[in-house]
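A.B. asks: With the hints as extra help, turn the sequences into a complete structure.
As you go down the protein sequences, you meet chains A and B in turn.
Counting from 12, one number per residue, gives the positions in the first sequence under my numbering.
Counting from 457, one number per residue, gives the positions in the second sequence under my numbering.
Don't read these hints as lab results, they were simulated from the structure.
Hints may be right or wrong, so weigh each one.
[Unchecked claim] One side only, chain A facing chain B, incomplete, derived with CB under 7 Å:
hint	residue
1	Leu14
2	Gly55
3	Tyr135
4	Met165
5	Val168
6	His220
7	Lys274
[Stated by the list, open to error] Listed next, the in silico DSS-like pairs over lysine-lysine satisfying Cα-Cα at most 30 Å (straight line):
hint	chain 1	residue 1	chain 2	residue 2
8	B	Lys538	A	Lys284
9	A	Lys44	A	Lys30
10	A	Lys175	B	Lys472
[Stated by the list, open to error] Here are some chain B residues the structure puts well away from chain A; computed CB gaps all over 12 Å:
hint	residue
11	Lys467
12	Val468
13	Asp470
14	Thr476
15	Ala540
16	Ile541
17	Leu542
18	Glu556
Note that this is a predicted model, so its numbers are computed, not measured.
Backbone N, C-alpha and C fix where the C-beta goes; we use that ideal spot for every residue, glycine too.
The residues making up each chain are set out below.
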Amino acid sequence: MGLELKNLYDDFRDGDTIKAYAKIIAEDAKKLKKPISIMEVCGGHTHTIMKFGLPQLLPANVNFIHGPGCPVCIMPKERIDHAYVLAMQADVILVTLGDMIKVPGSNGSLQDARAKGADVRFVYSPMECIKIAEENPEKKVIFFAIGFETTTPMTAVLVDQVIKLNIPNIFFHINHVTVPEVMVELIDSRDVHVDSYNNQIDAFLGPSHVSVISGSKIYDKFPRDYGRPVVVTGFEPVDAMQGISMIVKQFVEERCELEVQYKRVVNHDGNLKAQALIEQYFEKMSLFRWRGLGNVPDSGLKLREAYKAYDAEVLYKDVLPIAEIEDHKLCICGDILRGMAKPQECTIFGTACKPTTPIGSCMVSSEGACAAYYKYGNLI
Amino acid sequence: MCLSIPSKVVKVSDDKTMCTVDTMGVQRDANLMMMDDDDVKIGDYVLLHIGFVMNKIDEDEALSSIETYKEILEVMDEEDRKRAILEDDECKARSQQYVEEIKS
Numbered sequence: 012m013g014l015e016l017k018n019l020y021d022d023f024r025d026g027d028t029i030k031a032y033a034k035i036i037a038e039d040a041k042k043l044k045k046p047i048s049i050m051e052v053c054g055g056h057t058h059t060i061m062k063f064g065l066p067q068l069l070p071a072n073v074n075f076i077h078g079p080g081c082p083v084c085i086m087p088k089e090r091i092d093h094a095y096v097l098a099m100q101a102d103v104i105l106v107t108l109g110d111m112i113k114v115p116g117s118n119g120s121l122q123d124a125r126a127k128g129a130d131v132r133f134v135y136s137p138m139e140c141i142k143i144a145e146e147n148p149e150k151k152v153i154f155f156a157i158g159f160e161t162t163t164p165m166t167a168v169l170v171d172q173v174i175k176l177n178i179p180n181i182f183f184h185i186n187h188v189t190v191p192e193v194m195v196e197l198i199d200s201r202d203v204h205v206d207s208y209n210n211q212i213d214a215f216l217g218p219s220h221v222s223v224i225s226g227s228k229i230y231d232k233f234p235r236d237y238g239r240p241v242v243v244t245g246f247e248p249v250d251a252m253q254g255i256s257m258i259v260k261q262f263v264e265e266r267c268e269l270e271v272q273y274k275r276v277v278n279h280d281g282n283l284k285a286q287a288l289i290e291q292y293f294e295k296m297s298l299f300r301w302r303g304l305g306n307v308p309d310s311g312l313k314l315r316e317a318y319k320a321y322d323a324e325v326l327y328k329d330v331l332p333i334a335e336i337e338d339h340k341l342c343i344c345g346d347i348l349r350g351m352a353k354p355q356e357c358t359i360f361g362t363a364c365k366p367t368t369p370i371g372s373c374m375v376s377s378e379g380a381c382a383a384y385y386k387y388g389n390l391i
Numbered sequence: 457m458c459l460s461i462p463s464k465v466v467k468v469s470d471d472k473t474m475c476t477v478d479t480m481g482v483q484r485d486a487n488l489m490m491m492d493d494d495d496v497k498i499g500d501y502v503l504l505h506i507g508f509v510m511n512k513i514d515e516d517e518a519l520s521s522i523e524t525y526k527e528i529l530e531v532m533d534e535e536d537r538k539r540a541i542l543e544d545d546e547c548k549a550r551s552q553q554y555v556e557e558i559k560s
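C.D. replies: Okay, here's the thing in structure tokens:
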């Protein structure tokens, strides 16, 4: 039989297959010597796990820890404030992806800035900046770039085109972050401010589309140097259950390996052209402050020195606020991201902190753990 | 944020920088600048993310996964049937039917 497009949707969401994997996992989990906690790094997995009620299908000795892989959630308030301040400049059109619309900074969200007269455009693709810039030659178009490795090369393509087409009025505010560095941080914290550090993660469900770009090679060190198995897994519920089953089998068979469940799009090397574009235009920042986690070494990207003429953080450094804004005192997102607490253990979960009025990072986007528990919590 | 949509390529532009993809009946343009020249052809399955083709979907691997799932379901069905017979051994007719099935 040949492959049809509907196979790629239906066959990876099939209820009977999900239940079959639940049985396999339940049988294998009887042989586990101790309970295991699996971190799904990526917010897309958190959403799948909660939407399809997967925790309900798993035995009591297989648990999830919901990771920090939601680029909107982890953005510290001072970066959101940058977007707000840039948007309020008279000659600026601020362009960003739709996920950023409602995220609150200390002065409000970009939606609020728009209500006050700022020209903020939410786009489906970064390439729409080119058309906006052509139509508004008297304005500076600033692309507020967010996302993990999945989205970084698309920003790199835009930088590439701005330079090659000699477009004079597109600039960049870069907030791209990287996955392996924060995984290291979670199991081997180097932040001296984290005094309650108590790592609970036994294995990782590796992100789907970060791995399409970077290849599974970025996880080689986790089984080898940190004793944590990684299974790179797709976003559909059947993918997730198969990935979990593969992790449980590794523990039963006392293996510690990097495996790929999502072989239909992920290989060891990844998309080399996309990686070359990232390498050409971006370099690592020594520190990026993650909301809920604090400073994570080497986890952020910025434009290379050679391209600083396009860097809005350099051009507008006189107006951009630099003070760090701490998380709310009652918020326990940092503990949730480290697997030390579940959302419902937070005193403000669902009361003061809701998706419409998020206080903590995990409630900000639908891919955050708290937002997913709030929406689908009746399933667990 | 990182979700991507499986789609099928129906057209590639002459300069190979853009293509048109079909996602379950909806057609839209997608950028090919992250892919090598001549890598993406009409009929290929691709992953689409914020307006870009980010990679091709390997048809053989996708079919192999689907085949694995079918086999698992078949084994499960067989086990369920055996269990039903064991739990209900009064039912001679079903046991007989099962024995005949095995023979055939």
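A.B. asks: Each hint: holds or not?
C.D. replies: Results of checking the hints against the structure:
Hint status for Leu14/A relative to chain B: holds, with the closest Cβ pair at about 5 Å, below 7 Å. Using the Cβ-Cβ criterion of 7 Å, the hint placing Gly55/A at the interface with chain B is satisfied: the shortest such distance is roughly 5 Å. Below 7 Å, beta-carbon pairs count as interface contacts, and Tyr135/A has one with chain B at about 6 Å; its hint therefore holds. The interface hint given for Met165/A holds, since its Cβ lies 5 Å from the closest Cβ of chain B, which is under the 7 Å cut-off.
Of the supplied interface hints, the one on Val168/A holds, with its beta-carbon coming within about 5 Å of a beta-carbon of chain B, less than 7 Å. Among the interface hints, the one on His220/A holds; its C-beta lies about 5 Å from the nearest C-beta in chain B, closer than the 7 Å criterion. At its closest, the beta carbon of Lys274/A sits 4 Å from a beta carbon of chain B; the interface hint therefore holds under the 7 Å criterion. As the CA atoms of Lys538/B and Lys284/A are separated by approximately 53 Å, the hinted pair breaks the 30 Å bound.
Of the supplied pair hints, the one linking Lys44/A and Lys30/A holds, its CA atoms being roughly 24 Å apart against a limit of 30 Å. With a C-alpha separation of about 17 Å, the suggested pairing of Lys175/A with Lys472/B holds against the 30 Å cut-off. Chain A leaves Lys467/B outside its interface by the beta-carbon criterion, the shortest separation being 16 Å against a cut-off of 12 Å. The claim that Val468/B lies off the interface holds: its Cβ sits roughly 16 Å from the closest Cβ of chain A, which is beyond the 12 Å cut-off.
Interface exclusion of Asp470/B from chain A stands, the closest Cβ pair being 18 Å apart, more than 12 Å. Residue placement check: Thr476/B keeps its beta carbon more than 12 Å from all beta carbons of chain A (closest about 14 Å). Interface exclusion of Ala540/B from chain A stands, the closest Cβ pair being 15 Å apart, more than 12 Å. Every CB of chain A is more than 12 Å from the CB of Ile541/B (nearest about 18 Å), matching its label as outside the interface.
Here Leu542/B stays apart from chain A, with its beta-carbon at least about 16 Å from theirs, past the 12 Å limit. At roughly 26 Å from the closest C-beta of chain A, the C-beta of Glu556/B stays outside 12 Å, upholding its exclusion from the interface.
The structure shown violates just one earlier hint, number 8.
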